[in-house]
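Fit chain C to the given chain R structure using the hints.
Protein chains: 2
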Amino acid sequence: MPISGFPEWMPPQRMIEQRVLDRIRTTFELYGFSPLETRSVEPLDTLLSKGETSKEVYLLRRLQADENTKDDDALGLHFDLTVPFARFVMENAGKLQFPFRRYQIQKVWRGERPQEGRYREFLQADIDVVNRGELPFHYDCEMPLVIGDALGGLPVPRVRIQVNNRKICEGFYRGLGLTDTAQVLRTVDKLDKIGPARVAEALIETAGATRAQADACLELAAISADDGSFVDTVRKLGVTDPLLDEGLAELLQVVETAREHAPGLVTAELKIARGLDYYTGTVYETLLEGYERFGSISSGGRYDNLADTGKERFPGVGYSIGVSRMLGVLFGQNALHVSRSVPTCVLVALPSDEQRPASDRIAAALRKRGIPTEVAPTAAKFGKQIQYADRRGIPYVWFPGEPDTVKDIRSGEQVEADAAEWQPPAGDLHPVIAG
Amino acid sequence: MPISGFPEWMPPQRMIEQRVLDRIRTTFELYGFSPLETRSVEPLDTLLSKGETSKEVYLLRRLQADENTKDDDALGLHFDLTVPFARFVMENAGKLQFPFRRYQIQKVWRGERPQEGRYREFLQADIDVVNRGELPFHYDCEMPLVIGDALGGLPVPRVRIQVNNRKICEGFYRGLGLTDTAQVLRTVDKLDKIGPARVAEALIETAGATRAQADACLELAAISADDGSFVDTVRKLGVTDPLLDEGLAELLQVVETAREHAPGLVTAELKIARGLDYYTGTVYETLLEGYERFGSISSGGRYDNLADTGKERFPGVGYSIGVSRMLGVLFGQNALHVSRSVPTCVLVALPSDEQRPASDRIAAALRKRGIPTEVAPTAAKFGKQIQYADRRGIPYVWFPGEPDTVKDIRSGEQVEADAAEWQPPAGDLHPVIAG
Numbered sequence: 003m004p005i006s007g008f009p010e011w012m013p014p015q016r017m018i019e020q021r022v023l024d025r026i027r028t029t030f031e032l033y034g035f036s037p038l039e040t041r042s043v044e045p046l047d048t049l050l051s052k053g054e055t056s057k058e059v060y061l062l063r064r065l066q067a068d069e070n071t072k073d074d075d076a077l078g079l080h081f082d083l084t085v086p087f088a089r090f091v092m093e094n095a096g097k098l099q100f101p102f103r104r105y106q107i108q109k110v111w112r113g114e115r116p117q118e119g120r121y122r123e124f125l126q127a128d129i130d131v132v133n134r135g136e137l138p139f140h141y142d143c144e145m146p147l148v149i150g151d152a153l154g155g156l157p158v159p160r161v162r163i164q165v166n167n168r169k170i171c172e173g174f175y176r177g178l179g180l181t182d183t184a185q186v187l188r189t190v191d192k193l194d195k196i197g198p199a200r201v202a203e204a205l206i207e208t209a210g211a212t213r214a215q216a217d218a219c220l221e222l223a224a225i226s227a228d229d230g231s232f233v234d235t236v237r238k239l240g241v242t243d244p245l246l247d248e249g250l251a252e253l254l255q256v257v258e259t260a261r262e263h264a265p266g267l268v269t270a271e272l273k274i275a276r277g278l279d280y281y282t283g284t285v286y287e288t289l290l291e292g293y294e295r296f297g298s299i300s301s302g303g304r305y306d307n308l309a310d311t312g313k314e315r316f317p318g319v320g321y322s323i324g325v326s327r328m329l330g331v332l333f334g335q336n337a338l339h340v341s342r343s344v345p346t347c348v349l350v351a352l353p354s355d356e357q358r359p360a361s362d363r364i365a366a367a368l369r370k371r372g373i374p375t376e377v378a379p380t381a382a383k384f385g386k387q388i389q390y391a392d393r394r395g396i397p398y399v400w401f402p403g404e405p406d407t408v409k410d411i412r413s414g415e416q417v418e419a420d421a422a423e424w425q426p427p428a429g430d431l432h433p434v435i436a437g
Numbered sequence: 003m004p005i006s007g008f009p010e011w012m013p014p015q016r017m018i019e020q021r022v023l024d025r026i027r028t029t030f031e032l033y034g035f036s037p038l039e040t041r042s043v044e045p046l047d048t049l050l051s052k053g054e055t056s057k058e059v060y061l062l063r064r065l066q067a068d069e070n071t072k073d074d075d076a077l078g079l080h081f082d083l084t085v086p087f088a089r090f091v092m093e094n095a096g097k098l099q100f101p102f103r104r105y106q107i108q109k110v111w112r113g114e115r116p117q118e119g120r121y122r123e124f125l126q127a128d129i130d131v132v133n134r135g136e137l138p139f140h141y142d143c144e145m146p147l148v149i150g151d152a153l154g155g156l157p158v159p160r161v162r163i164q165v166n167n168r169k170i171c172e173g174f175y176r177g178l179g180l181t182d183t184a185q186v187l188r189t190v191d192k193l194d195k196i197g198p199a200r201v202a203e204a205l206i207e208t209a210g211a212t213r214a215q216a217d218a219c220l221e222l223a224a225i226s227a228d229d230g231s232f233v234d235t236v237r238k239l240g241v242t243d244p245l246l247d248e249g250l251a252e253l254l255q256v257v258e259t260a261r262e263h264a265p266g267l268v269t270a271e272l273k274i275a276r277g278l279d280y281y282t283g284t285v286y287e288t289l290l291e292g293y294e295r296f297g298s299i300s301s302g303g304r305y306d307n308l309a310d311t312g313k314e315r316f317p318g319v320g321y322s323i324g325v326s327r328m329l330g331v332l333f334g335q336n337a338l339h340v341s342r343s344v345p346t347c348v349l350v351a352l353p354s355d356e357q358r359p360a361s362d363r364i365a366a367a368l369r370k371r372g373i374p375t376e377v378a379p380t381a382a383k384f385g386k387q388i389q390y391a392d393r394r395g396i397p398y399v400w401f402p403g404e405p406d407t408v409k410d411i412r413s414g415e416q417v418e419a420d421a422a423e424w425q426p427p428a429g430d431l432h433p434v435i436a437g
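So the sequences go chain by chain: R and C.
Sequential numbering from 3 applies to the first sequence in the working numbering.
Sequential numbering from 3 applies to the second sequence in the working numbering.
Next up, chain R with everything else stripped away, as it sits in the complex (with noise of 0.2 Å):
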C-alpha cells in the first residue's frame, strides 16, 4: 500500500529523475564543489540546535531495544541537508580545506503532516560554500549561475530566480523607525498568503507599525525589477540606513553578475524573506514558468553563523534544489516524458533455445560498444518477441542469420547488420527525455 508522503517513481519517472540528477551533479562538479554524504541520522540536539522546530523530526529506535537500557537514543534522521553539514564541517575543519565548496544529494525527512505537494521523505540537491573567518560577497553572486545551469540544461520549464537581501529589509525597516524587524519580515513573509490589506493590518496589530510605516513595508516588498532599477525605486521612498546601503549594494551586485553571465534568470524581488530561515544576507527562491503557483521550487541564501565553535566562526552561503518537489510538480502536470520505459536499445531475438549462446555473443558485443541490450526471454514466436521490445518501447530487435539483420520495429525498416559495428542513431542510443 502506497504510505502517505512517501512518494514512489515508477521505472520511467525513475529514469527522468536520474537524468535530472546527473545533470545537476555534472553541473556542480563543473562548478568545482566536491561531492559529500553525510550519515541520515543526527543526534537530537544536533537537529534542533538551530532551534528548528517547525520541521517534524523522525526518532528512531531499534524494534529489539531493551526498554530499560539507553538504546542509540535521540537518534533522529536529518529534516535537511543544512544541520548536517554545519556539524561535518566542525567536525572535520582540521581536514578541510576553505573555503570549502560541497554539494549534496541526499533524501531528507519530516514527519509533517503531508499536503499538496509535500513530502516527509524527500530528494535535496544542495550546492554551500563556507569559510573560516570571513566569505567574500562574489560567492553570493555565484550561486544563481550554478542553480540556472544546472536546471537550465533540463527538459523542464524555465526558471526564474528572485533574489532580495535580508540587509535591504532590516536596515529599511529600521531606517523607518520599526525596532521589531525579525517580526515585521515574518509578516511581509505572508504577502503571497493574506494579500496586502491583511499584511497591513497585521504590521499595525503586531510589529507596533503605523499605517505610514506598514504602507512602506508594503511599498519596498512590492519593488520588483530584472536590473539595478530597484536601488533608485528604493532609494525614492525617503528611507535612509547604513544597513540598508549595504544591502542594496550586494542585491545590486548579485542582480548585475547574474545580467552579464545569464541575461533573464535573476529578478530583485524585494517581498522575498524566507521567514522562519537562519539567513542574514542575500535569499533566493526559484520559479518555474508557467508554474509560479507551486511556488518555489529551490532556494537558498547567506547565513553568517551556518557553524561556530566558539573559537572559530564558518560563514556560508548555499543554495538548495527540492528535487521530488520540483519533479512531483511536473509529474504531476504530465510535463515530462521519456521515450521508453527500459535503458535497453536493443533486443537480440532468439531463433531457439539451443541459439541461446550465439544470441548472447550478439548481445555482448553490443553491450561492449556501449549499446544496451537484453535477449530475448524465450524462444517464442518472433511475433511474440517483437512485442516484448515494443511494450517496453525498445526501438530494436535484432536477428541472428547469415547475415544478421536488424529491425527498427517503429519503422519497420529491417536491414542487414554487424554487431561488431552496428551504431543506432545517437538519439535512440538512450531513453530520451523531453517536456
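There may be inaccurate statements among the hints.
Repeated chains share a single entry, so a pair holds when one copy, or any two copies, can fit it.
[Said to hold, decoys possible] Lysine to any residue pairs mimicking SDA-like chemistry, simulated, CA-CA at most 20 Å apart:
| # | residue 1 | residue 2 |
| --- | --- | --- |
| 1 | Lys370 | Ala422 |
| 2 | Lys109 | Gly7 |
| 3 | Lys370 | Glu262 |
| 4 | Lys313 | Met3 |
| 5 | Lys97 | Pro9 |
| 6 | Lys386 | Arg27 |
| 7 | Lys238 | Asp228 |
| 8 | Lys195 | Pro402 |
| 9 | Lys273 | Phe296 |
| 10 | Lys52 | Val434 |
| 11 | Lys192 | Glu10 |
| 12 | Lys273 | Ala202 |
| 13 | Lys109 | Ala202 |
| 14 | Lys238 | Arg327 |
| 15 | Lys52 | Gln335 |
| 16 | Lys97 | Pro4 |
| 17 | Lys370 | Gly155 |
| 18 | Lys238 | Ala95 |
| 19 | Lys109 | Pro9 |
| 20 | Lys192 | Tyr280 |
| 21 | Lys109 | Arg16 |
| 22 | Lys109 | Ile5 |
Read the hints as simulated data drawn from the structure, not as lab findings.
Chain C alone, transformed into the frame defined by chain R:
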C-alpha cells in the same frame, strides 16, 4: 561526533564511491535493467513478513507525536532492498511488464551491534529479474556475468564469484538419508567459522547424522572447481537423488556460461549455503582477490517465491553488491586512491578584484566545454593562489593576460592558451581513481 556504524566518507572517498556507483549503474543499464527506487520505510509487518528476525529493524517515531494517538505506527527503515522490491512488485504487478528487470541502488539500515566491517547504515546495489509464474533458468546464468562486468571495470581487486545450488545440497543430504536438510545446511554454512571437525560434531548432535553421513556432507562441501568437473566429483560420492541431479545440471549451466563469457570469474564452490536466506536454488557469493579474509562483498541467489499474492507466484533471481562493505574494506586497507580532492581541473587566477568579471568569463568559457573550473577566492598574491590549487590537487592555474597563459603546476610548464580552445589531456579532465 562520529556515530558507531554510520560511516561518513571524506570528499575524496565519496568521489571514489560515486565513480564505483556510476560504473555499476551503467553496467546494469547496459544489460537492460530499469532503475527503481523504493521509499526508505515499510510497514513493520512487511519488514517481518519473511519471518526474518536476524536483521534488527529501526522503527520511526515522530518527535512531536501525541503519545495517545495512533502515529504512523509501525513504520520501519528497510534492512535490504529485496523485501521492498517484493512489496513493490505485488503492489504494481498490473502496471509492470514481466519478466521485470530492475536495479536499485539505495541505503539500507540495520540496528545491529556494529562490528568490524558491519555498518548500521550502508549502500547496496541490487539487480533482480522477476517473472509471473515461472522464471527461465538462464537468468541464473546471467547474474554473475552482470556483476563481473560491473566490478571488473573498476580499479578494485579481481572478483571471484563462488556459486552453488541449494538443490545439490538438499538432494545430496536427502539421498544420504538425512531428513532435516535445513538444519544440515545451516550447520555446514558454519564451515569457514568453526572448521570441519566441529561441523561434523554439530551435524551428529543437531541434525541426526551418523559419522559417515557427516563425513559425506563435509566431502561434498569440500568440492570446488572452475569447470564442469565438479559433476563427476559429486557423482563419485555415490549419492543419488533427483533433486541432486537437477541441481548439478543447473550449476553446470551457470559454470559453463561463465566459462564462455568471462573465463576465470566463476567457481563452483559446494560449501556455499547462505544459511539464513530464503533461496531455493542457485546461490552466489563474491570474494575480492587478496581480500578473501573479509568475506563476501556481494551475494545473491534464486528465490522461487520472492512474492506470492495467493493467486500468483513471482519467482526471481537477484544479486546484491554491498557497496559500503566493499569500499569500507578497501578504504580500510588504503587500497583505493583518487588523483585530487576536488573535481576542479583549472583554477582561474585573479590579478585584482576589479578583474573578477574577466576571470569569471574565462571560467564560463572553460565550463561550457566541460572543463571543471573555479575562480580564485581572492586577489591574493599569485603564490597564494597557486597554493590554493596545489592543496586541492587542481592541476592547472590559468593566468588572464595578453595573451592568457595556463600553467601545469605539477611540471611548472606554462603555455599561451585561449579559453575557447584549450583542452587538458584527457587524464587530467576528471579526477582519476586508481587501485
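Review point. For which of the previously enumerated hints does the structure constitute a violation, in increasing order of number?
Key: Per hint list: 6, 8, 10, 11, 13, 14, 15, 18 violated.
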